[in-house]
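Trainee: Residues in the sequence shown are numbered consecutively from 112, following the numbering used here.
Just to be clear, a hint being listed does not mean it is correct.
[What the hints assert, rightly or not] In the DSS-like style, the derived pairs of lysine-lysine whose C-alpha atoms are separated by at most 25 Å in a straight line are:
1. K135 <-> K116
2. K135 <-> K269
3. K223 <-> K233
4. K218 <-> K233
5. K233 <-> K135
6. K166 <-> K135
7. K166 <-> K223
8. K218 <-> K116
9. K206 <-> K223
10. K233 <-> K129
11. K243 <-> K233
12. K218 <-> K243
13. K143 <-> K166
14. K152 <-> K223
15. K129 <-> K143
16. K233 <-> K206
Source of the hints: derived by calculation from the structure; they are not laboratory data.
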Amino acid sequence: DARVKMLEGVNILADAVKVTLGPKGRNVVLDKSFGAPTITKDGVSVAREIELEDKFQNMGAQMVKEVASQANDAAGDGTTTATVLAQAIVNEGLKAVAAGMNPMDLKRGIDKAVIAAVEELKALSVPCADTKAIAQVGTISANSDSSVGNIIAEAMEKVGRDGVITVEEGQALQDELDVVEGMQFDRGYLSPYFINNQESGSVELDNPFILLVDKKISNIRELLPVLEGVAKA
């Protein structure tokens, strides 16, 4: 039966992922076709490596894998929790359907339960009021690595909660924090003719005029009044 096989796939993937749950979760060793095996406690990383030979089992596994990926994209964490919830919903949902419950009524009930659960979690949640609390959360997210947690807290303290924090792989032996003042846009210059620093291949401007436009500029003539004003300034 296809439904049974898909359920088996859901459980195979979820059972492999859920051992990583929480601050005391266990590590999982991922075998690689080449190179050394990878040791991780990240739920979505474990899920992405699982491929099952049986077609229907693999379909079930892929469904749960998509749940973990969407949780990762939306929140950046909580992938293992999402996997555990998905496994429970699938298992209990199939039991209810097998007992004669209407699938659409079941779906509506799950939607209502989600709303109630989210409201309760919001009521129980404790905001991170200081740097110490942020460091503790960062440490748990970094597989209990306190040095990474402290760097995350320091970065948030310097740039604020609405600031942009980028993680890059470095060449040094220790983790480092660099703060870039000002604003940064993920776009370069439109033409290489703008380059005025040949050594670094960059454009450096002192006290430039900056124009912010909230619509598409299709013709340069639209900017003529502004450019004329700038030229006279």
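Trainee: Now, for every hint given, state plainly whether the structure supports it.
Mentor: Hint check:
As the CA atoms of K135 and K116 are separated by approximately 31 Å, the hinted pair breaks the 25 Å bound. For a cut-off of 25 Å, the pair hint linking K135 to K269 is broken: about 30 Å separates their Cα positions. At most 25 Å may separate the alpha-carbon atoms for a hinted pair to count; K223 and K233 meet this at roughly 16 Å. Restraint check for K218 and K233: the C-alpha separation of about 23 Å stays at or below 25 Å, so the hint holds.
Taken as a hint, the K233 and K135 pair is honoured in the structure, with Cα atoms around 24 Å apart against an allowance of 25 Å. Between K166 and K135, the direct Cα distance comes to roughly 34 Å. Violation of the 25 Å bound is thereby established for this hinted pair. Straight-line distance between C-alpha atoms of K166 and K223 comes to about 33 Å, which puts the hinted pair past the 25 Å bound. The hinted pair formed by K218 and K116 meets the criterion: a straight-line CA distance of about 21 Å does not exceed 25 Å.
For the hint linking K206 to K223, the alpha-carbon distance of about 19 Å falls within 25 Å, and the restraint holds. Between K233 and K129, the direct Cα distance comes to roughly 24 Å. Compliance with the 25 Å bound is thereby established for this hinted pair. For the hint linking K243 to K233, the alpha-carbon distance of about 21 Å falls within 25 Å, and the restraint holds. With a C-alpha separation of about 41 Å, the suggested pair K218 and K243 falls outside the 25 Å cut-off, and the hint is violated.
With a C-alpha separation of about 22 Å, the suggested pair K143 and K166 falls inside the 25 Å cut-off, and the hint holds. Using a Cα cut-off of 25 Å, the hinted pair K152 and K223 is violated, with the two alpha carbons roughly 32 Å apart. Simply put, K129 and K143 have alpha-carbon atoms about 21 Å apart, close enough for the 25 Å limit, and the pair holds. Taken as a hint, the K233 and K206 pair is broken in the structure, with Cα atoms around 30 Å apart against an allowance of 25 Å.
The structure is inconsistent with the numbered hints 1, 2, 6, 7, 12, 14, 16, although it conforms to all the rest.
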